[in-house]
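In the order they appear, the protein sequences are chains X and F. With the first letter of the first sequence counted as 1, position 45 gets the number 134 in the working numbering; the numbers rise by one all the way through. With the first letter of the second sequence counted as 1, position 162 gets the number 226 in the working numbering; the numbers rise by one all the way through.
Worth flagging that the hints you see were computed from the coordinates, not collected in a lab. Take the hints with a grain of salt, since some may be wrong.
As the list claims (entries may be wrong) - Simulated coverage check for chain X against chain F, where a stretch passes if three residues somewhere in it have a Cβ under 8 Å from a Cβ of chain F:
{"id": "1", "region": "129-140"}
{"id": "2", "region": "191-198"}
{"id": "3", "region": "256-262"}
{"id": "4", "region": "276-286"}
{"id": "5", "region": "303-316"}
{"id": "6", "region": "322-332"}
{"id": "7", "region": "338-348"}
Don't be surprised by glycine CBs; every beta carbon is placed ideally from N, CA and C.
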Amino acid sequence: MNKKLLSAPFIFWSVLFILVPLCMVFYYGLTDKTGAFTLNNILAIATQEHSKALWESIKLSLISTVICFLLAYPLAMILSHMNTNKNSFIVLIFILPMWMNFLLRTLAWQTLLEKTGVINSVLSFLHLPALNIINTPYAIVLGMVYNFLPFMVLPIYNVLVKIDVNVINAARDLGANSFQTFLKIIFPLSIPGVISGITMVFVPALTTFVISKILGGSKILLIGNVIEQEFTQTGNWHLGSGLSIVLMLFIIFNMVISAVTDKDGEVNAL
Amino acid sequence: MMKTAAKKIYIALIFIFLYAPIATLIVLSFNASKTRAKWGGFTLKWYRSLFENEVIMQALWNTLAIAFLSALAATLIGTIACLSMQCMKKRNRTILMGITNIPMLNAEIVTGISLMLLFISLGIKFGFLTILLAHITFNIPYVILSVMPRMKQLNPHTYEAALDLGASQLTAFFKVVFPDILPGILSGFLMAFTMSLDDFIITHFTKGPGIDTLSTKIYTEVKKGIKPEMYALSAIIFVSVLILLILVNYTPKRNGNHKA
Numbered sequence: 090m091n092k093k094l095l096s097a098p099f100i101f102w103s104v105l106f107i108l109v110p111l112c113m114v115f116y117y118g119l120t121d122k123t124g125a126f127t128l129n130n131i132l133a134i135a136t137q138e139h140s141k142a143l144w145e146s147i148k149l150s151l152i153s154t155v156i157c158f159l160l161a162y163p164l165a166m167i168l169s170h171m172n173t174n175k176n177s178f179i180v181l182i183f184i185l186p187m188w189m190n191f192l193l194r195t196l197a198w199q200t201l202l203e204k205t206g207v208i209n210s211v212l213s214f215l216h217l218p219a220l221n222i223i224n225t226p227y228a229i230v231l232g233m234v235y236n237f238l239p240f241m242v243l244p245i246y247n248v249l250v251k252i253d254v255n256v257i258n259a260a261r262d263l264g265a266n267s268f269q270t271f272l273k274i275i276f277p278l279s280i281p282g283v284i285s286g287i288t289m290v291f292v293p294a295l296t297t298f299v300i301s302k303i304l305g306g307s308k309i310l311l312i313g314n315v316i317e318q319e320f321t322q323t324g325n326w327h328l329g330s331g332l333s334i335v336l337m338l339f340i341i342f343n344m345v346i347s348a349v350t351d352k353d354g355e356v357n358a359l
Numbered sequence: 065m066m067k068t069a070a071k072k073i074y075i076a077l078i079f080i081f082l083y084a085p086i087a088t089l090i091v092l093s094f095n096a097s098k099t100r101a102k103w104g105g106f107t108l109k110w111y112r113s114l115f116e117n118e119v120i121m122q123a124l125w126n127t128l129a130i131a132f133l134s135a136l137a138a139t140l141i142g143t144i145a146c147l148s149m150q151c152m153k154k155r156n157r158t159i160l161m162g163i164t165n166i167p168m169l170n171a172e173i174v175t176g177i178s179l180m181l182l183f184i185s186l187g188i189k190f191g192f193l194t195i196l197l198a199h200i201t202f203n204i205p206y207v208i209l210s211v212m213p214r215m216k217q218l219n220p221h222t223y224e225a226a227l228d229l230g231a232s233q234l235t236a237f238f239k240v241v242f243p244d245i246l247p248g249i250l251s252g253f254l255m256a257f258t259m260s261l262d263d264f265i266i267t268h269f270t271k272g273p274g275i276d277t278l279s280t281k282i283y284t285e286v287k288k289g290i291k292p293e294m295y296a297l298s299a300i301i302f303v304s305v306l307i308l309l310i311l312v313n314y315t316p317k318r319n320g321n322h323k324a
């Protein structure tokens with residue numbers, strides 16, 4: 090059995106369904122309707138409408154990524170110290186919610202956040218001021234954090250559990266207090282996981298069009314919404330592809346960073 | 065003591081955050097009023113009408129069929145890919161792994177439109193087949209990701225020993241290598257199945273007009289209002305998976321080292 094031959098189906102599949110499609114996006118993005126080369130589709134990002142959408146996307150996804158990080162790091166630390174079965178934790182936080190459809194889960198936040206929704210009923214019962222964030226950028230950020238938090242927790246958790254306890258003990262023996270140990274030992278060792286988590290949250294948040302549509306009340310256009318409209322409504326694939334290329338520049342930048350920091354590809358391993 | 069209490073509260077808050085929408089949906093499935101906005105009393109009628117709703121049942125069937133077939137195909141291709149990558153030169157392997165990771169790291173919307181452009185230029189009719197092909201594509205990385213670590217832990221000498229003892233390559237693989245990587249294959253399959261089930265964006269761009277999965281059905285209903293049967297269906301799916309997981313986790317295993 091020639092083992093080289095075994096890789097043939099996978100290589101064939103990757104070329105046909107990953108590389109060729111990506112080349113097609115570049116082809117469409119760099120040509121106009123007559124097939125002539127043009128940069129107009131890419132330069133279209135500079136128009137006021139598109140650059141506003143891109144800027145809004147970058148802003149909201151950065152905020153969401155920071156919030157995810159702040160929520161996920163302590164959680165990953167607590168969980169890495171607990172003697173729980175790793176699998177049951179991953180299933181509970183990551184896999185089980187996925188069996189409830191992603192759109193329905195996001196939609197449920199509408200019910201929770203509405204002016205007369207569940208959260209506001211509880212708040213008014215407690216005589217607290219109402220929370221009016223539905224159809225605002227805040228609701229979109231909340232939706233992003235909700236949907237992508239597990240993608241931040243998992244990689245950080247995976248690096249934290251691999252840290253050798255002896256390294257931490259050595260630091261304590263040498264007189265470091267808890268805070269110093271964290272700052273000088275634990276955090277630097279967990280950076281590959283953090284960077285992986287950041288890319289795993291930032292990319293889907295930057296490119297989403299569903300969360301903004303459901304929780305933003307279709308008033309707020311993100312770059313994902315613009316591209317989706319070009320493909321499904323306006324039918325201008327060339328422009329849509331051109332904007333996707335712009336989007337991919339951010340993604341490629343992200344990929345390079347995560348490839349450099351995660352050489353073995355082990356951080357994301359489930 | 066204070067510290068452990070604070071930790072527990074923190075975990076509890078995160079769990080409430082993650083599960084509040086799910087609880088909301090389950091409650092809504094018992095809501096007699098047709099709108100999400102108000103509570104109209106307890107009812108089971110959506111559970112009854114769900115099974116008479118052919119559109120939803122068809123979408124459910126499509127979703128499950130695509131999830132199962134795409135997970136199966138991805139598991140097969142991914143596992144074989146892992147096997148072959150074991151004896152590749154390091155440089156080739158890195159390149160191949162890099163390509164594998166593209167659908168995972170790339171934005172789903174870009175993967176979706178790139179596949180849509182491919183299917184259009186190949187002249188494939190949009191429908192079940194295009195969704196299936198797309199799902200296999202984005203599922204393969206998840207399989208490789210869970211099989212690869214198992215493969216790396218393998219002791220290559222056991223396989224060689226089996227060959228020395230006269231086993232054919234195929235026998236040696238199925239008797240020696242396969243049992244060791246089976247847990248990785250199974251979790252890869254489950255991961256792929258779950259990912260396929262929950263996918264909306266890629267399906268949105270690769271589906272044809274006549275076919276719907278649960279996700280795309282829900283998306284078209286978002287504007288006109290979700291049919292309460294949809295909540296009932298999601299509640300059934302969620303609770304059955306939950307029960308399944310509890311059963312799997314708490315059934316005593318024959319070997320005593322299992323910890324739930």
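A quick look at each hint next to the structure:
A stretch counts as covered by a chain when three or more of its residues have a beta carbon under 8 Å from one of that chain; for the region 129-140 of chain X and chain F the count is 0, and the coverage is violated. Only residues whose C-beta sits within less than 8 Å of a C-beta in chain F count toward coverage, and the region 191-198 of chain X has 8 of them, enough to reach three; the restraint holds. A stretch counts as covered by a chain when three or more of its residues have a beta carbon under 8 Å from one of that chain; for the region 256-262 of chain X and chain F the count is 0, and the coverage is violated. Against chain F, the region 276-286 of chain X contributes 0 residues with a C-beta closer than 8 Å to a partner C-beta. That does not satisfy the three-residue criterion, and the hint is violated.
For the region 303-316 of chain X, the stated coverage by chain F is satisfied: 3 residues place a CB nearer than 8 Å to a CB of that chain, which reaches the threshold of 3. Note: the region 322-332 of chain X has 3 residues with beta-carbon separation from chain F under 8 Å; the three-residue rule is met and the coverage holds. Residues of the region 338-348 of chain X lying with their CB closer than 8 Å to a CB of chain F number 5, which satisfies the three-residue condition for coverage.
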